[in-house]
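Protein chains: 6
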Amino acid sequence: MRYPIPELKDLPADVRERIEAVQQKSGFVPNVFLAFAGRPAEFRAFFAYHDALMEKEGGLTKAEREMIVVATSAANDCQYCVVAHGAILRIRARNPRVADQVAVNYRKAEISPRQRAMLDFAMKVALDSARIGDEDFPPLRSHGFSDDDIWDIAAIAALFALSNRMANFTSMKPNDEFYLMGRVPK
Amino acid sequence: MRYPIPELKDLPADVRERIEAVQQKSGFVPNVFLAFAGRPAEFRAFFAYHDALMEKEGGLTKAEREMIVVATSAANDCQYCVVAHGAILRIRARNPRVADQVAVNYRKAEISPRQRAMLDFAMKVALDSARIGDEDFPPLRSHGFSDDDIWDIAAIAALFALSNRMANFTSMKPNDEFYLMGRVPK
Amino acid sequence: MRYPIPELKDLPADVRERIEAVQQKSGFVPNVFLAFAGRPAEFRAFFAYHDALMEKEGGLTKAEREMIVVATSAANDCQYCVVAHGAILRIRARNPRVADQVAVNYRKAEISPRQRAMLDFAMKVALDSARIGDEDFPPLRSHGFSDDDIWDIAAIAALFALSNRMANFTSMKPNDEFYLMGRVPK
Amino acid sequence: MRYPIPELKDLPADVRERIEAVQQKSGFVPNVFLAFAGRPAEFRAFFAYHDALMEKEGGLTKAEREMIVVATSAANDCQYCVVAHGAILRIRARNPRVADQVAVNYRKAEISPRQRAMLDFAMKVALDSARIGDEDFPPLRSHGFSDDDIWDIAAIAALFALSNRMANFTSMKPNDEFYLMGRVPK
Amino acid sequence: MRYPIPELKDLPADVRERIEAVQQKSGFVPNVFLAFAGRPAEFRAFFAYHDALMEKEGGLTKAEREMIVVATSAANDCQYCVVAHGAILRIRARNPRVADQVAVNYRKAEISPRQRAMLDFAMKVALDSARIGDEDFPPLRSHGFSDDDIWDIAAIAALFALSNRMANFTSMKPNDEFYLMGRVPK
Amino acid sequence: MRYPIPELKDLPADVRERIEAVQQKSGFVPNVFLAFAGRPAEFRAFFAYHDALMEKEGGLTKAEREMIVVATSAANDCQYCVVAHGAILRIRARNPRVADQVAVNYRKAEISPRQRAMLDFAMKVALDSARIGDEDFPPLRSHGFSDDDIWDIAAIAALFALSNRMANFTSMKPNDEFYLMGRVPK
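Residue numbers (the numbering used here), protein chains in the order written: chain Z, 1 to 186; chain C, 1 to 186; chain D, 1 to 186; chain E, 1 to 186; chain A, 1 to 186; chain B, 1 to 186.
Chain Z on its own, in the form it takes in the complex (with noise of 0.2 angstroms):
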């Protein structure tokens, strides 16, 4: 990491809390949460945005969120979300493989004809947003993707925009935990 990691009694209690938690729940703080926690404020807006996007109930599932996250951020090169965000996928859609193939090449991946398509337009989204046309909505409407189902696609490849520049940027590192979650039957 570029930038110091602040002591976690010098933080706002919000801060220190949200990361009490997730430290409680997951046995160990993700590096997202100290990289962001020297700027509250900012912490705080893109926990709540994420927590919006990848939270949600909706036609998309939780795994389906997470594959979006690691498509995009593997065409970012985004080492931190592709190792943590790729652990989450793993145990989100219980298949140990499907992160290390979509971070690769998602193309190629065992996922359905729905799943692809949705990467397809995730990927437009993060890599060629200004040719969005109103073409790339019929077929997104024809694997059964309501609209709102296709601004939480957008807005998940878009947030990740930010996050993979924010992580390449400080040079976050994915904590060790990640590399194995979700590879070893339990």
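No lab work stands behind these hints, which were simulated from the structure alone. A hint or two may mislead.
Because identical chains cannot be distinguished in the list, a pair is counted as satisfied if it fits within a single copy or across any two copies.
What the hints assert, rightly or not - DSS-like, lysine-lysine: derived pairs with alpha carbons at most 27 angstroms apart:
no.	residue 1	residue 2
1	62	173
2	9	56
3	25	62
4	9	25
5	25	56
6	173	9
7	25	173
Start from chain Z and add chains C, D, E, A and B according to the hints.
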């Protein structure tokens, strides 16, 4: 806009109040507020993030913050962001030419060498963040940017990576008011 | 400008007269005339080429010809051409917004489907001419463009491929007058 | 796989023996052997080339050779090569994290400056070989690479330029065994 | 050719005379003359521009001028220009190999360091003119190029940016005569 | 060449014999043989691979195999491969123009629609293999290519991905003999 704009009266109170406040201050409601209004949680997170970076005091002037927005939004071909933030840049820089110059080619804009270095780095965050290395920091420091300022540069470029993608995805149109703002001396 | 501007009195008569004529008509001398004046043979050839394509009658309106200039010059990041021809486009289209829209992303500009097809082709000429194939012509013809009109589209894009490179090379600055032209209703 | 896998009994003896040997040693047959088995002459040439570069002694460790494979294969989005050689890299480097790091962004991997220089050059061979110049050699020599080692770096990147394209063309899938290899301490 | 070739007798006298002169001198009419003949105003402007840059005396030899054409036309995948000007380059350089070398990769052609610097700059004009900066000039001056010579380099690259696009657009074919010209010692 | 050429007498017998055979047949030793000679194991593997693909009978003519080499080697800016295999293509196609045409822009070469489809696919293997999908196969089959022929197309493009990189890395020069071969009718 590809998504319906909700009626003001149907919005949560805090979202409605924010929109009414900007209407009062500017005389019109910039379309970005309406575009996000249908998604209150994302609305709150986005503008919280925005205010944390764009309204703050610090080593960067407000005009410089807007320069970063205009330069990186032009690189992402985001019509709404270039036109709207171009207007704000003209006003904050009290310069009717600089926004158009930065939008087309910031390397030839009438800006200081310090601002040129700032924009060079912001563009690397926007377009090639995986290659950011320790060697990018000393040139910025030599122009007097603190580590906090450098974070601001990167974070603004990262936030508009998100914002540009959402504007392109929703096909957000710039309000007519923006085109002329800051061009005619009062 | 990276090259010295010759004094009017030192120029060949025809070059001087052309400059005086434009000065009289516009109230100022656009910098492109001064930039080329030190090279009379190139000056004559460039403006002869320009007039043959931009001043002619034919299937394209003068506003449409300027649209091609603005869109392709923006793709080449040419500050002089985008600002100067943006002004002319606003005047010829009697529309104060369209130039800024086309400069950032012509796909989202308030133009007709015919103009969209025209700009799609002009951009292919500007950016990827080796892939032009016979299949590019029928869509243009279906919008009513004659073979002569299609040549005009291509030739304007090609001429400004030259012009953009010379403006970038000489670091030509847009005259201050251009920024506001065509923005305020008379 | 887009091409049928021949039955072992139908293969030439030397091809069958090579496959049986790897089966005995690894406990499974990596799919690359089956993919090439239908083309015995190419099978022999490919594995002869592979062994000449990957099994040889020399200035590069076996882990370093695998690093080159993983980094360049990731640049070519080759799922089979990243997953399979990622496994071998973890084993040879005795490091359960380095393969995932190198696959996403080798610039942020826990590798030595010498290995960073090695991968910078390998990536130039993989992605931009026409620009290789005499100036690329002294930095490599300053890290202790002999001219023979530099040839090895380039030749491994070149061999996997071939291999990645064949794996992408045939849609080779990584064997399930590779995903977990080298991740759990024995 | 995608456009009809007019009959010589239907052309304006000056255009016809230019074509007859080149026919007399070369023994055939290069197709570029026929391609432009249907547009006399553009024909005159194009060849006036061409002659101003390619036939002039100055710091660049005629062979060097042709080298710029071949290198930049190859970068634009322009078949007519590479084959036709490759022939002229072979003749003017009295070297039967240099045109093919420059067309594929000028960095490995048997040219002088001065010519290498000239082509590096010409390629920047052709492919990335928005990034030309003051720092590009001193290296050229250190090879003895005057400011006038540097303009010539840029202007030739810019003119063939136009020419390559017109040749690709019209699908201009190289005359058979060009392929062998300058290859066999007389 | 960046690496020393070993003396023939110091080479293993089989390598020396291969070189002597080609010298006898062609009247000179193409530099690729000398470049690889210092690495006998790679020499044997490379030429075994080469012969398996380039000398075989099958649905592709030998001229078509060379076309693939020339088109993909030009895309990789490989001077040796374009010049040397351009010569072989001229001879095998009995056409003195086609190699130069394919090297600059195969889309405008005097080749059949079947050969155009073959080169479109070869270029995808060379430049964008990660996007090869099942949808790429039917168009090739509709031109009469068998699955075996399609493998040949891909494998030749893949082998020269290797070869181009080694030639660029070693700075292999085309022998003078190649430039004129196949150009003058006997």
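Hints and how they fare:
Proximity of residue 62 and residue 173 under a CA criterion of 27 angstroms is satisfied in both settings, with 24 angstroms inside one chain copy and 26 angstroms between copies. For a Cα distance limit of 27 angstroms, the shortest separation of residue 9 from residue 56 across copies, 25 angstroms, qualifies, whereas the shortest one inside one copy, 31 angstroms, does not. When the C-alpha separation of residue 25 and residue 62 is checked against a cutoff of 27 angstroms, the pair qualifies only within one copy, where the shortest distance is 17 angstroms, while the shortest distance between copies is 40 angstroms. Within a single copy, residue 9 and residue 25 get their C-alpha atoms as close as 20 angstroms, which meets the 27 angstroms cut-off; across copies the closest is 39 angstroms, which misses it.
With identical chains, the CA atoms of residue 25 and residue 56 are at most 27 angstroms apart within one copy only, with a shortest distance of 18 angstroms there and 34 angstroms across copies. Taking identical chains as interchangeable, the C-alpha atoms of residue 173 and residue 9 lie at most 27 angstroms apart only when both belong to the same chain, with a minimum of 22 angstroms there against 45 angstroms between chains. Taking CA atoms no more than 27 angstroms apart as the test, residue 25 paired with residue 173 passes inside one copy only; the shortest distance there is 20 angstroms, against 35 angstroms between copies.
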